[in-house]
Amino acid sequence: MRRGWLAVPAVVAATVLAGCGSSPGSGSGAGGAGARPPGGLSGTVTVFAAASLTESFGTLGRQFEAAHPGVTVRFDFAASSALAESIAQGAPADVFASASTKNMDSVVRSGAASGPTTFAKNAMEIAVPPANPGGVTSLADLAKPGLKIALCQPQAPCGATAQQVFDNAKIAVKPVTLGADVKAVLAAVQLGEVDAGVVYRTDVRAAGAKVTGIGIPAEQNASTSYPIAALTRAPNAAAARAFVDYVLSAAGTKVLTEAGFAKP
Amino acid sequence: MTAGGAAEAALDARVLARQGGFQLDVALAAVPGEVVAVLGPNGAGKSTLLRTLAGLVRLADGRIRLGDRVLDDVPAGVHIAPEHRRIGVVFQDYLLFPHLTALDNVAYGLRARGLRRTAARQSARRWLDRVGVSDRAGSRPPQLSGGEAQRVALARALVLQPDLLLLDEPLAALDAGARLSLRTDLRRHLTSYGGPAIVVTHDAVEAMVLADRLMVLERGRIVQQGAPAEVARHPRTGYVASLVGVNLYRGIARDGHVALDGGGTLLAAEHTSGPVYVALRPSAVALHRQPPTPGSPRNTWTGTISGLEAVGDRVRVAVTGSPPVFADITPAAAAELGLAATDQVWMTVKASELVVYPITPDQGSAAADQGVPP
Amino acid sequence: MTGLRGPDRLSSAPHRTRRASAPWPLAGPAVLAVAFLLLPLAGLLVRAPWRSLPALLGDPLVREALRLSLLSASLATALAVLVGVPLAWVLARTRLPGRPLLRALVTLPLVLPPVVGGVALLLAFGRRGIVGRYLDSWFGITIPFTTTAVVLAETFVAMPFLIITVEGALRASDVRYEEASASLGASRWTTFRRVTLPLVAPSVTAGAVLCWARALGEFGATITFAGNFPGTTQTMPIAVYIALETDPGAAIALSLVLLVVSIVILTALRDRIVRSGPVS
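Chains as they are written, first to last, in our numbering: chain V, 161 to 424; chain S, 142 to 515; chain F, 76 to 355.
Each hint should be verified, as a subset may be incorrect.
No more than 25 Å apart at the CA atoms, straight line, and that leaves these computed lysine to aspartate or glutamate pairs for DMTMM-like [stated by the list, open to error]: (1) Lys262(V) - Glu379(V); (2) Lys304(V) - Asp405(V); (3) Lys281(V) - Asp327(V); (4) Lys334(V) - Asp211(F); (5) Lys334(V) - Glu139(F); (6) Lys423(V) - Asp265(V); (7) Lys423(V) - Asp405(V); (8) Lys281(V) - Asp236(V); (9) Lys262(V) - Glu225(V); (10) Lys281(V) - Glu215(V); (11) Lys414(V) - Asp236(V); (12) Lys304(V) - Asp211(F); (13) Lys334(V) - Glu379(V); (14) Lys491(S) - Asp396(S); (15) Lys334(V) - Asp301(V); (16) Lys370(V) - Asp211(F); (17) Lys370(V) - Glu418(V); (18) Lys491(S) - Glu450(S); (19) Lys262(V) - Asp322(F); (20) Lys334(V) - Asp322(F); (21) Lys334(V) - Asp134(F).
FYI, nobody ran anything at the bench for these hints, they're computed from the structure.
With the hints as extra help, turn the sequences into a complete structure.
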């Protein structure tokens, strides 16, 4: 009976330790083939990437895993501002891909990253539900009273860039909601709850038939640059560097261009 | 002297209801001003009967009429909800609303009718005065004593001048002292109440004191009814006999000789014939240690003591024999005679002490056993 | 119960109970539980930016979020009481055939992830929702992204607390008082109003407090169904979430404000939370 008593805390402790986040170097059981390949990368690489990179980086991740069996790529997609804050709080990420240089700069300043490289640019586009209930045809329409517009929150790159677009066009847009990240805005458009949202061009592309895109004239449009960097305190530094290299490679650029990103 | 305002409506009820296991089958009538006590052991169906009259339990069949109003008519599909029956109920646990003062409890029904608060409270205060608890008007039910709560409950029902008053064991929750004084008060209020009143109780004394007419309910059926004194004098069931405290026998009489159903013969002074009940008071039975010398008592027989019990200031001796009998003797006599169980004794009873009365056919159906249950 | 104590009124004197100390198998885990609850709060207090707190509190955005949170939580609670108490009565007092199903429905928001609840609300009351589309086309009323949506989202997640508490109390309360009320000529509505409800009032209050607390802290359903816009739909929890990205200090300050306000109100009503059931 006494032994039984001890077993319980022991089991609990073991479970807690086993469930703990990525242990440095060795894979914490998250997939991957058994044998260590020659020359090898292994383990998990955690990539914090802007929400707008969801589809493209998803593809890149799969390609990377195919090229490096033994490596698992784990993504955390969110607003770049949120990700930057997480990294500042000490989140164990390997790679950070931001939708704005501003967020990357703050991470660099804190010493968590160094030597970022810009790998893509993204311009804004208006997304409307396929039925276009608000009858939106141009950027100027967004300023019409009575229309329900969704924008990203100003702290996120897509929000800041959208504001730049409005400044360029000299219009004032009053949204009904400020999405936490660009995917939240897109969701509101897809559900038909808003008449229009301002998102990245790549998001309109990725949404396919679920939204209709309305272009913004080049002279009014604004774009944001996407830097990527391996983090200095990366638990899996080797794989981190390899992933960054892959994104910057020709194969990576191809995927990004197909998704609608512009070359940096 | 009636409490003015109560409609002079007579109650006419034919109640058939199902009560956990057995059926309640009662014909009940009461005229304005009459107090009918329904007496019976626990589980007889007394509360169910009351609840059907109140409309809280649906009839399986039958009809309840109050004056010219039909409250229940099962064949015709009529059932008036309790709130529209204009009846007053004093519940066994009084059920005074704990969150209202005594005054507001009494005023509750008036306010439910739409009376303004001041007017309702005025009437309530008058009734609290009448029942003698006006100084407790501002108290909440948990602060009231049992007797006070009982009176408030009565006032709460009577203030509405109901057409029918139902009381469910109104004094059962009180201790002996309070019960005594409140019984008299209750009798007074029932007398001044103008409509018919039905009191349900298991206490024989209560029934005797309060009732104009007594109905004995056993296992869902009325086994005897009549004036209290009459019922006490001529019990027709073992239960009633035990309540009243007499020995009860059944038998066939032939010119004064009664052949008892359970064995034995008794000689009575009356020359009745046919199926009869014989009632014999325990105090009329004399006990002897030896076969008694011939004397005037016409009834003599022998038996064995099966038990002795102190009852009040007497000793009740249970004797088996033909017939079995309970005899009440003084403790001094019991001591002197040195009576103990299994002793053989002789009983003598004068013929004039036997009360013999015919068994009426329709009253004989209930379980009328011999002897007095322990 | 009245009347059963007889003429002696001393029975209301309290008993002296033996103050037992907790046996160690209970004391140990209890201490752990307290620590588990206290440590995060202690973390908040320790890391709070006390110096910049006054400035932060003066920020109109913060005041807006707080005002909105308190207002919407209170409105949500009022709405929950209005429709939840009758439902609790139906569940406790009637013998409707679908009651078990109804009860499961009531507990659904408790197990549903709040965001899922928010999506469901959109699908019902959104512009293309099964009800919302008619509100939109017939009356021109849209609910998402309004303060109304905040109130509805909070009501959705918090109402079960009220309903379950009140239903429990109604089941435990004595039906005979209602019978007594009927015998005195009160209609069923009057009986409910003047007897049933007052007898379970403590539980209604307790349920309402739980409901209010839950509504105040709601995030997932609110941000999904009502969105996020300062002044209209940005409640305190959402403000904290947004602030966390740019200014953790501000986030902590906001959390502190919410914490203090909640503690003040919950402490004022603490007795009502613990004591539930009919008036003794």
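### Query
Taken at face value, is the distance from the CA of Asp396(S) to the CA of Lys491(S) at most 25 Å?
OK: Lys491(S) and Asp396(S) at ~16 Å, within 25 Å.
### Message
For Lys334(V) and Asp322(F), compute the direct alpha-carbon distance and say whether it is at most 25 Å.
### Response
At roughly 24 Å apart (the allowed maximum being 25 Å), Asp322(F) and Lys334(V) satisfy the hint.
### Pairwise hint evaluation, Asp236(V) against Lys414(V), where the allowed Cα distance is 25 Å at most
Distance of about 22 Å is within 25 Å: holds.
### Query
Is the hinted pair Lys281(V) and Asp327(V) satisfied, with a Cα-Cα distance of at most 25 Å?
holds (19 Å)
### Task
Please work out if Lys334(V) and Asp134(F) have their alpha carbons no farther apart than 25 Å.
holds (21 Å)
### Message
Tell me if the straight-line CA distance from Lys281(V) to Glu215(V) falls inside 25 Å.
### Response
Satisfied, since the Cα-Cα distance of roughly 15 Å is no more than 25 Å.
### Query
For the pair supplied as a hint, Lys281(V) and Asp236(V), is the alpha-carbon distance within the 25 Å limit?
holds (20 Å)
### Task
Quickly compare the C-alpha distance for Lys262(V) and Glu379(V) to 25 Å and report which way the hint goes.
Roughly 23 Å separates the two Cα atoms, so the pair holds.
### Query
Has the given pair, Lys491(S) with Glu450(S), been kept, meaning a C-alpha gap of at most 25 Å?
holds (24 Å)
### Query
Taken at face value, is the distance from the CA of Glu418(V) to the CA of Lys370(V) at most 25 Å?
holds (18 Å)
### Message
Checking one constraint from the list: CA of Lys304(V) to CA of Asp405(V), max 25 Å. Satisfied?
### Response
Violated, at about 45 Å.
### Query
Would the pair Lys334(V) and Glu139(F) pass a check requiring their Cα atoms to be no farther apart than 25 Å?
Holds. Lys334(V) to Glu139(F) sits at ~18 Å (cutoff 25 Å).
Violated hints, in rising order: 2, 9; the structure is consistent with all others.
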